[in-house]
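> Here is what each chain is made of, one letter per residue.
2 protein chains.
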Amino acid sequence: MAALSSGVEMSMREVVTVALGERSYPIVIGAGVLDECGERLAAVCRPGRCALVTNPVVARLYAEQLKESLMGSGFDPIQIEIADGERYKTLDSVSHIYDVLLEAKLDRKAPLLALGGGVIGDLTGFAAATYLRGVPFVQVPTTLLAQVDSSVGGKTGVNHPLGKNLIGAFHQPVLVLSDSATLRTLPRRELVAGLVEVIKYGVILDAALFARIEEDLDALLALDERVLGAVIRRCCELKAEVVGADEREADYRAILNFGHTLGHGIESETQYSRYLHGEAVSIGMSFAAHFSASRGYCPPAVADRVVRLLRRLGAPTEVPTDLQARSLQAALAGDKKAAGGQVKFVFMEGLGRTRFEMVSAREIAERAVAGAAEH
Amino acid sequence: MAALSSGVEMSMREVVTVALGERSYPIVIGAGVLDECGERLAAVCRPGRCALVTNPVVARLYAEQLKESLMGSGFDPIQIEIADGERYKTLDSVSHIYDVLLEAKLDRKAPLLALGGGVIGDLTGFAAATYLRGVPFVQVPTTLLAQVDSSVGGKTGVNHPLGKNLIGAFHQPVLVLSDSATLRTLPRRELVAGLVEVIKYGVILDAALFARIEEDLDALLALDERVLGAVIRRCCELKAEVVGADEREADYRAILNFGHTLGHGIESETQYSRYLHGEAVSIGMSFAAHFSASRGYCPPAVADRVVRLLRRLGAPTEVPTDLQARSLQAALAGDKKAAGGQVKFVFMEGLGRTRFEMVSAREIAERAVAGAAEH
Numbered sequence: 586m587a588a589l590s591s592g593v594e595m596s597m598r599e600v601v602t603v604a605l606g607e608r609s610y611p612i613v614i615g616a617g618v619l620d621e622c623g624e625r626l627a628a629v630c631r632p633g634r635c636a637l638v639t640n641p642v643v644a645r646l647y648a649e650q651l652k653e654s655l656m657g658s659g660f661d662p663i664q665i666e667i668a669d670g671e672r673y674k675t676l677d678s679v680s681h682i683y684d685v686l687l688e689a690k691l692d693r694k695a696p697l698l699a700l701g702g703g704v705i706g707d708l709t710g711f712a713a714a715t716y717l718r719g720v721p722f723v724q725v726p727t728t729l730l731a732q733v734d735s736s737v738g739g740k741t742g743v744n745h746p747l748g749k750n751l752i753g754a755f756h757q758p759v760l761v762l763s764d765s766a767t768l769r770t771l772p773r774r775e776l777v778a779g780l781v782e783v784i785k786y787g788v789i790l791d792a793a794l795f796a797r798i799e800e801d802l803d804a805l806l807a808l809d810e811r812v813l814g815a816v817i818r819r820c821c822e823l824k825a826e827v828v829g830a831d832e833r834e835a836d837y838r839a840i841l842n843f844g845h846t847l848g849h850g851i852e853s854e855t856q857y858s859r860y861l862h863g864e865a866v867s868i869g870m871s872f873a874a875h876f877s878a879s880r881g882y883c884p885p886a887v888a889d890r891v892v893r894l895l896r897r898l899g900a901p902t903e904v905p906t907d908l909q910a911r912s913l914q915a916a917l918a919g920d921k922k923a924a925g926g927q928v929k930f931v932f933m934e935g936l937g938r939t940r941f942e943m944v945s946a947r948e949i950a951e952r953a954v955a956g957a958a959e960h
Numbered sequence: 586m587a588a589l590s591s592g593v594e595m596s597m598r599e600v601v602t603v604a605l606g607e608r609s610y611p612i613v614i615g616a617g618v619l620d621e622c623g624e625r626l627a628a629v630c631r632p633g634r635c636a637l638v639t640n641p642v643v644a645r646l647y648a649e650q651l652k653e654s655l656m657g658s659g660f661d662p663i664q665i666e667i668a669d670g671e672r673y674k675t676l677d678s679v680s681h682i683y684d685v686l687l688e689a690k691l692d693r694k695a696p697l698l699a700l701g702g703g704v705i706g707d708l709t710g711f712a713a714a715t716y717l718r719g720v721p722f723v724q725v726p727t728t729l730l731a732q733v734d735s736s737v738g739g740k741t742g743v744n745h746p747l748g749k750n751l752i753g754a755f756h757q758p759v760l761v762l763s764d765s766a767t768l769r770t771l772p773r774r775e776l777v778a779g780l781v782e783v784i785k786y787g788v789i790l791d792a793a794l795f796a797r798i799e800e801d802l803d804a805l806l807a808l809d810e811r812v813l814g815a816v817i818r819r820c821c822e823l824k825a826e827v828v829g830a831d832e833r834e835a836d837y838r839a840i841l842n843f844g845h846t847l848g849h850g851i852e853s854e855t856q857y858s859r860y861l862h863g864e865a866v867s868i869g870m871s872f873a874a875h876f877s878a879s880r881g882y883c884p885p886a887v888a889d890r891v892v893r894l895l896r897r898l899g900a901p902t903e904v905p906t907d908l909q910a911r912s913l914q915a916a917l918a919g920d921k922k923a924a925g926g927q928v929k930f931v932f933m934e935g936l937g938r939t940r941f942e943m944v945s946a947r948e949i950a951e952r953a954v955a956g957a958a959e960h
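Heads up: the sequence lines are chains F and L, in that order. This note's numbering numbers the first residue of the first sequence as 586 and each following residue consecutively. This note's numbering numbers the first residue of the second sequence as 586 and each following residue consecutively.
You may find that some hints are simply not true.
One copy or two, either will do: identical chains are not told apart, so a pair holds if it fits within one copy or between any two.
[What the hints assert, rightly or not] List of simulated lysine to any residue pairs, SDA-like, C-alpha gap at most 25 Å: (1) K694 x F941; (2) K690 x L747; (3) K690 x R947; (4) K749 x D677; (5) K694 x S879; (6) K694 x G670; (7) K694 x P772; (8) K749 x L691; (9) K690 x R952; (10) K694 x R940; (11) K749 x G719; (12) K694 x R880; (13) K690 x L936; (14) K749 x V812; (15) K694 x G919; (16) K690 x A923; (17) K749 x Y683; (18) K690 x D791; (19) K694 x R769.
Hints in this document: simulated from the structure, not taken from any laboratory. Since this is a predicted model, take the numbers as computed values, not measurements.
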C-alpha cells in the first residue's frame with residue numbers, strides 16, 4: 586500500500602514490484618491512480634517533455650486527466666493519437682509515432698506513456714524500445730486485459746499481414762499505473778475478455794485464485810473495488826514472478842501461452858475481426874483443457890470446471906464451425922513460437938499446474954476443427 | 586589464435602571476446618575466415634535454416650563463398666539483397682527483410698547473417714533485434730569500418746529522413762567474422778575512411794596504437810597482413826572493453842563519439858551523399874582536436890599530430906565552406922545524444938585520454954563554420 590504525500594486523498598493502492606535487477610519497476614493499482622501519474626513518474630524520470638500515445642476513444646475519456654497530473658508535476662506532454670483497433674497495431678503506426686517524436690525533437694530522456702489497452706501499449710512500447718535505441722516507457726493500461734496481462738512483462742510489438750506480434754522487442758517499462766476506475770467505461774464485452782486472462786492465471790498458476798473467481802465472479806463483473814484491486818494485483822504478481830524467472834521466454838514464461846496457441850490461430854483465421862483477443866483465448870483455453878483431459882494429463886472434471894467458469898463468464902468456448910483445418914494448421918505453424926511445424930503446447934495438469942509438450946500444428950488444427958464439427 | 590580441426594589450412598586467427606556475461610561472443614579476425622563461417626556458427630547455433638542479408642555488390646564477391654561454408658556445415662541459407670548505399674538504411678528495407686523472412690517462415694532459432702559494410706550490418710541487426718522479438722545475429726563485415734567499429738558493440742538501427750540511426754535497438758551478435766581478405770576488394774576511398782576510425786581508437790584510448798599507425802600507415806594502406814590483422818584486433822579489443830563497461834551508453838561508451846558529433850552533423854547537412862561516414866568523422870576529429878587545444882585541454886602540438894596523420898592518410902580534415910551555421914546547429918541539436926540544445930562533446934586531453942563537456946549546439950556550429958571560412 587502506498588499513499589502519496591501530496592493533496593491526493595489517501596487511497597488503497599496495491600503495489601507489485603517486477604523484479605528484474607536494475608530494471609525493476611513498480612505496478613501501482615487502484616481507483617484514481619491516474620491522478621498520481623505525474624508525481625509517481627517524477628520519482629523515476631526527471632520532469633520535462635514527454636509524449637502520451639493513446640487512441641481517440643480513450644483520449645476523450647482520460648487524456649486530459651492524465652495530462653493534468655503530468656503537468657502538475659512539471660511534465661510537458663505532447664499527445665499522439667493512433668486510430669482505435671487491432672488493425673492499427675502496425676509498423677506504419679509506429680513509424681507515425683517516430684515522425685511525431687522527431688518533429689517534436691523529443692530526446693532520449695523523454696518518456697513515452699501508453700494510455701489505452703493492449704494495442705496502444707504494445708505499439709507504444711515498441712516505439713519506446715526503438716526510438717533513439719530506447720527511451721523510458723510508462724504503461725497506463727485502461728482495459729482489464731492490459732492491466733493483468735500486456736502491461737506486465739515488457740513484450741512489445743506490432744502485427745504483420747502474416748501474423749500477430751511478429752515484429753517486436755522486449756522493453757520493460759519504468760512504471761505501470763493501473764487505474765481500476767477506468768474499467769467503469771470499458772464495454773462489458775471487453776471486461777469479459779479481460780476476465781478470461783484472469784481465469785487463465787488461476788488455471789496455470791494458482792488454484793486459490795481460480796476458486797476465488799468462481800466465488801466472486803459477479804462482484805468482478807460488477808467492478809466491486811473490494812475484489813477487483815486484489816484480483817488485478819494477484820494476476821500482476823503471478824505474471825511478474827514468471828517474467829522475473831524468465832524474462833525473454835527461454836522456457837518457463839511460455840506457460841503464459843496457455844490457450845493462446847489455438848487462440849492466436851483463431852484470431853488470425855477470422856481476420857482479427859470476429860473475436861476479441863480474450864474471446865479467442867477463451868476458446869483456446871477450453872480446447873486446451875479438453876485436450877489435456879483427453880491425453881490423460883488432467884481429470885476430465887477439472888477441465889470441465891474451467892470450461893464451465895468461462896461459460897458462466899459469458900465468454901465463447903466453442904471453436905467456430907467455419908474454420909478450415911489446413912488453413913488453421915498453416916497459421917499455427919507460422920506462429921513465432923513454432924519450429925519445424927511443431928508447436929510448444931501448454932497443457933494443464935490440474936488447477937495451478939501445467940506441462941509443455943511439442944505437438945504438431947496439424948494435430949492441433951485437425952482436433953480443433955473436428956471438435957467444432959461435433960457441436 | 587584459433588585453428589579449426591577441419592580441412593581448412595592452419596591460419597593466423599586473432600580472436601577477441603566481447604565480455605557481456607551470458608551474451609558474450611567472439612570476434613574472429615583473419616584472412617579467409619569467411620570459409621570457416623559454417624563451422625564456427627555451428628558451434629553457437631544448431632544448423633538449419635538461416636538468412637543471409639547483403640547488397641548486390643558484396644553478394645557478387647562473397648555470397649557464394651559464404652553460403653558454401655554454411656551449407657558445408659548443414660545450414661540452409663536464403664539470401665536477401667538490399668540495394669547498396671546509406672540511403673537504403675531505412676525502415677522500409679527492414680520491413681522488406683521481415684516480409685521475406687516471414688514468407689520463408691524462418692523461425693526464432695534461425696540466425697540472420699549480415700554480409701557487408703555498416704549499412705547492411707546495422708539494418709540486418711535491427712531486423713534480427715525485432716523479428717519475432719529477437720533472433721540470433723551474425724556479423725560478417727566486409728569493410729574496414731565495419732570490422733573495427735559497427736560490427737562490434739550491438740548497436741543496430743536505421744536512418745530517418747530527419748537524421749541518422751534515429752530508430753534502432755541494442756542487439757548483440759552471437760558471432761563476428763572479420764575476414765581481412767575481403768578488404769582487398771574494398772575501394773581505396775572506403776579503406777581510407779575505415780582507417781579514420783582506426784586512428785580514432787588511438788586518439789581516444791591508446792597512444793601506442795596511434796604511434797603504430799603513424800609508423801605503419803603505408804603497410805596498412807597496402808593491406809599488409811602482418812600489420813592489418815593485429816591492428817583490427819586491437820581496435821576490436823578497445824571497443825569491446827568500452828562496450829563491456831557500458832553496453833548501453835549510459836556514460837563512458839560516449840567516448841567512441843569522438844569526432845562524430847560534428848561528423849554526423851556534416852553528413853546530415855550534405856545529405857549523406859558528399860562524404861563517407863569516415864570522411865565526415867575525419868573532419869569532425871580534426872575539429873575536435875583543434876577545439877580541445879583551443880580550450881586548453883590538450884597541447885596544440887598533439888592536436889596537430891592528429892590532424893597531420895589524417896592528412897597523410899588522405900582523409901578530409903576541413904569543414905566544407907558551404908555549410909550554414911544555423912542549419913548545422915539544428916542538425917546537431919537534433920542528434921539523439923543531444924538534450925535541450927546541449928551536446929555531450931568528447932574532447933581529447935592528449936593521445937589516449939579524453940574528457941566530456943556539455944557544449945551548446947550553437948557554439949559547435951558557429952565555430953565549425955567560422956573555421957571553414959578561415960581556409
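> All hints are to be evaluated individually against the structure, with a verdict given for each.
The hints, checked one at a time:
no.	hint	result
1	K694 x F941	between (41 Å within a copy, 18 Å between copies)
2	K690 x L747	between (33 Å within a copy, 10 Å between copies)
3	K690 x R947	between (50 Å within a copy, 16 Å between copies)
4	K749 x D677	both (15 Å within a copy, 19 Å between copies)
5	K694 x S879	neither (53 Å within a copy, 31 Å between copies)
6	K694 x G670	neither (29 Å within a copy, 31 Å between copies)
7	K694 x P772	neither (35 Å within a copy, 40 Å between copies)
8	K749 x L691	between (29 Å within a copy, 15 Å between copies)
9	K690 x R952	between (53 Å within a copy, 23 Å between copies)
10	K694 x R940	between (42 Å within a copy, 22 Å between copies)
11	K749 x G719	both (22 Å within a copy, 15 Å between copies)
12	K694 x R880	neither (52 Å within a copy, 29 Å between copies)
13	K690 x L936	neither (51 Å within a copy, 35 Å between copies)
14	K749 x V812	neither (33 Å within a copy, 50 Å between copies)
15	K694 x G919	between (37 Å within a copy, 13 Å between copies)
16	K690 x A923	between (40 Å within a copy, 10 Å between copies)
17	K749 x Y683	both (21 Å within a copy, 13 Å between copies)
18	K690 x D791	neither (46 Å within a copy, 36 Å between copies)
19	K694 x R769	neither (33 Å within a copy, 43 Å between copies)
When the structure is compared with the earlier hints, violations turn up for hints 5, 6, 7, 12, 13, 14, 18 and 19 and for no others.
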